[in-house]
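*Asks:* Below are the chains, spelled out letter by letter.
2 protein chains.
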Amino acid sequence: MTEPASRWPLAALRLHLVTDAALCGPRGVEAVVAAAVRGGATCVQLREKQLETRLFVERARALKALLAPLGVPLIINDRLDIALAVNADGVHVGQSDMPPDEVRRILPHALIGLSVESAAQVRAAALSPVDYLGVSPVFSTPSKTDAAPALGLDGLRALRALTRLPLIAIGGIDLDNAAQVMAAGADGLAVVRALCAAPDPAAAAQALRRHTDPQPTP
Amino acid sequence: MTEPASRWPLAALRLHLVTDAALCGPRGVEAVVAAAVRGGATCVQLREKQLETRLFVERARALKALLAPLGVPLIINDRLDIALAVNADGVHVGQSDMPPDEVRRILPHALIGLSVESAAQVRAAALSPVDYLGVSPVFSTPSKTDAAPALGLDGLRALRALTRLPLIAIGGIDLDNAAQVMAAGADGLAVVRALCAAPDPAAAAQALRRHTDPQPTP
Numbered sequence: 165m166t167e168p169a170s171r172w173p174l175a176a177l178r179l180h181l182v183t184d185a186a187l188c189g190p191r192g193v194e195a196v197v198a199a200a201v202r203g204g205a206t207c208v209q210l211r212e213k214q215l216e217t218r219l220f221v222e223r224a225r226a227l228k229a230l231l232a233p234l235g236v237p238l239i240i241n242d243r244l245d246i247a248l249a250v251n252a253d254g255v256h257v258g259q260s261d262m263p264p265d266e267v268r269r270i271l272p273h274a275l276i277g278l279s280v281e282s283a284a285q286v287r288a289a290a291l292s293p294v295d296y297l298g299v300s301p302v303f304s305t306p307s308k309t310d311a312a313p314a315l316g317l318d319g320l321r322a323l324r325a326l327t328r329l330p331l332i333a334i335g336g337i338d339l340d341n342a343a344q345v346m347a348a349g350a351d352g353l354a355v356v357r358a359l360c361a362a363p364d365p366a367a368a369a370q371a372l373r374r375h376t377d378p379q380p381t382p
Numbered sequence: 165m166t167e168p169a170s171r172w173p174l175a176a177l178r179l180h181l182v183t184d185a186a187l188c189g190p191r192g193v194e195a196v197v198a199a200a201v202r203g204g205a206t207c208v209q210l211r212e213k214q215l216e217t218r219l220f221v222e223r224a225r226a227l228k229a230l231l232a233p234l235g236v237p238l239i240i241n242d243r244l245d246i247a248l249a250v251n252a253d254g255v256h257v258g259q260s261d262m263p264p265d266e267v268r269r270i271l272p273h274a275l276i277g278l279s280v281e282s283a284a285q286v287r288a289a290a291l292s293p294v295d296y297l298g299v300s301p302v303f304s305t306p307s308k309t310d311a312a313p314a315l316g317l318d319g320l321r322a323l324r325a326l327t328r329l330p331l332i333a334i335g336g337i338d339l340d341n342a343a344q345v346m347a348a349g350a351d352g353l354a355v356v357r358a359l360c361a362a363p364d365p366a367a368a369a370q371a372l373r374r375h376t377d378p379q380p381t382p
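In order, the protein sequences belong to chains A and B. First residue of the first sequence: 165, per the working numbering; consecutive thereafter. First residue of the second sequence: 165, per the working numbering; consecutive thereafter.
Don't take every hint at face value.
Computed cross-link-like contacts, SDA-like style, restricted to lysine to any residue with a CA-CA straight-line distance of at most 20 Å [claimed, not checked]: (1) Lys-213(A) with Ala-186(A); (2) Lys-228(B) with Asp-265(A); (3) Lys-213(B) with Asp-310(A); (4) Lys-213(B) with Arg-218(A); (5) Lys-213(A) with Gln-214(B); (6) Lys-213(B) with Pro-263(A); (7) Lys-213(A) with Leu-215(B); (8) Lys-228(A) with Arg-269(B); (9) Lys-213(B) with Leu-219(A); (10) Lys-228(B) with Arg-191(B); (11) Lys-228(A) with Arg-218(A); (12) Lys-228(B) with Pro-263(A); (13) Lys-228(A) with Glu-216(A); (14) Lys-213(A) with Gly-189(A); (15) Lys-228(A) with Ile-270(B); (16) Lys-213(A) with Lys-213(B); (17) Lys-213(B) with Ala-311(B); (18) Lys-228(B) with Cys-188(B); (19) Lys-228(A) with Pro-263(B); (20) Lys-228(A) with Ala-185(A); (21) Lys-228(B) with Arg-269(A); (22) Lys-213(A) with Arg-218(B); (23) Lys-213(A) with Gly-258(B); (24) Lys-213(B) with Ala-186(B).
Read the hints as simulated data drawn from the structure, not as lab findings.
Can you build the whole structure from these sequences, using the hints too?
*Replies:* What follows is the structure, given as structure tokens:
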């Protein structure tokens with residue numbers, strides 16, 4: 165696969181933690197992020213659909229302070245304004261969010277991810293200034309209620325054949341299926357539940373990383 | 165009062181139309197804006213709390229195309245990202261939205277408005293890089309369900325005494341009370357219902373303008 169257009173290497177996209185404040189529970193988003201990154205999450209996408217802008221800025225700023233010294237990119241879901249305010253490393257947009265061309269124009273050096281759910285969307289993305297595609301949902305998931313039907317591993321393979329952009333698979337991915345997802349052509353995995361709801365997010369991230377990185381042949 | 169810090173004169177702030185898509189009804193936001201501006205609305209604040217980002221961008225872009233040739237500023241409520249994407253003239257933020265310092269840093273030339281509901285917030289705004297204060301609610305209003313108790317005309321007068329920033333009054337303002345609100349020290353009026361729900365927004369704007377502008381003494 166081609167390397168992302170931004171300064172981040174493909175290795176930084178291997179294991180995305182996508183946050184869900186409700187699933188993180190009383191321990192809080194920041195604590196879960198800190199643990200997951202300690203265990204091996206390579207990037208963090210802050211996703212807040214309900215939070216007021218000012219609190220969103222505060223949470224994003226706290227994560228940026230936590231992640232920047234570790235060299236782990238912080239990606240903001242949808243909200244370019246939050247990314248600008250805290251100097252985040254990237255923005256992840258869906259098909260109904262800010263068009264990637266606008267994001268690239270306003271943030272020339274950002275890591276830009278785009279969610280795709282179909283062959284038509286993957287093909288259209290070839291003309292889009294994005295660094296990676298978030299392919300979803302690979303499996304059915306309770307984390308996102310407005311998701312399309314699951315692609316399955318065959319669906320993922322079919323999309324893989326259509327693009328040279330890095331593909332990050334998301335949707336129902338856990339320790340049991342991570343290896344198969346990577347084998348089907350994903351360049352990295354994005355998880356919500358498997359880290360945010362894990363009793364030990366550091367251990368869970370460490371275990372997932374065993375499947376996301378090319379393993380040395382014996 | 166002092167003139168706004170941005171390039172817009174105080175006269176551009178006399179009569180704000182604050183949009184409410186539901187109140188505009190089937191005729192649509194764009195048609196109501198066009199009519200209200202034809203009647204004399206001097207600026208438009210696009211307020212969308214539910215709309216997906218991409219549709220929000222599209223609506224803002226349509227309004228910008230409509231208003232720019234008329235020299236009427238377009239202000240975006242809360243969403244700096246939308247303002248950036250469509251090159252809007254300003255951003256209006258509430259106490260829970262993006263801090264004005266961040267807005268000013270990212271958009272140095274924007275017209276920035278800040279909502280205030282109390283003496284403490286008016287005093288704090290003296291240190292804030294804003295162009296005007298939106299004082300609310302002057303009267304109780306069904307347009308904003310999370311509003312503080314009504315200030316009344318006496319409350320407005322009390323806040324007027326605390327600041328030299330332009331004060332734009334909002335909340336339950338209509339033709340019957342507009343003159344009193346201006347007399348209590350407002351520099352301009354912002355209305356939702358009195359224009360968005362008006363059968364004839366052009367006529368309503370024209371009538372309101374008779375109260376917002378200094379009248380020639382006979």
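*Asks:* Is the hinted pair Lys-213(A) and Gly-258(B) satisfied, with a Cα-Cα distance of at most 20 Å?
*Replies:* Holds: Lys-213(A) and Gly-258(B) sit about 18 Å apart, inside 20 Å.
*Asks:* Please verify whether Lys-228(B) and Asp-265(A) have alpha carbons no more than 20 Å apart.
*Replies:* At roughly 19 Å apart (the allowed maximum being 20 Å), Asp-265(A) and Lys-228(B) satisfy the hint.
*Asks:* Is the Cα-Cα distance between Lys-213(A) and Arg-218(B) 20 Å or less?
*Replies:* Holds - the C-alpha atoms of Arg-218(B) and Lys-213(A) are around 15 Å apart, at most 20 Å.
*Asks:* Within 20 Å, alpha carbon to alpha carbon, are Lys-213(A) and Gln-214(B)?
*Replies:* holds, 11 Å
*Asks:* So if I understand the rule, the pair passes when the alpha-carbon distance is 20 Å or less; does Lys-213(B) with Pro-263(A) pass?
*Replies:* Cα-Cα ~19 Å, so holds.
*Asks:* Next pair to validate is Lys-213(A) with Gly-189(A); report whether the Cα-Cα distance is within 20 Å.
*Replies:* Roughly 16 Å separates the two Cα atoms, so the pair holds.
*Asks:* Starting from Lys-228(B), check that the Cα of Pro-263(A) is at most 20 Å away, please.
*Replies:* holds, 18 Å
*Asks:* Hinted pair, alpha-carbon criterion (20 Å max): Lys-213(B), Leu-219(A). Please report holds or violated.
*Replies:* Holds: Lys-213(B) and Leu-219(A) sit about 16 Å apart, inside 20 Å.
*Asks:* Holds or violated: are the alpha carbons of Lys-213(B) and Asp-310(A) at most 20 Å from each other?
*Replies:* holds, 19 Å
*Asks:* Straight-line Cα separation of Lys-213(B) and Arg-218(A) no greater than 20 Å?
*Replies:* holds, 15 Å
*Asks:* Would you mind confirming whether the straight-line C-alpha gap from Lys-228(A) to Glu-216(A) stays at or under 20 Å?
*Replies:* holds, 18 Å
*Asks:* For the pair we were handed, Lys-213(B) and Ala-311(B), check the Cα-Cα distance against 20 Å.
*Replies:* Given that 20 Å is the threshold and the Cα spacing comes to 15 Å, the pair holds.
Going through the hint list in order, the structure satisfies each hint without exception.
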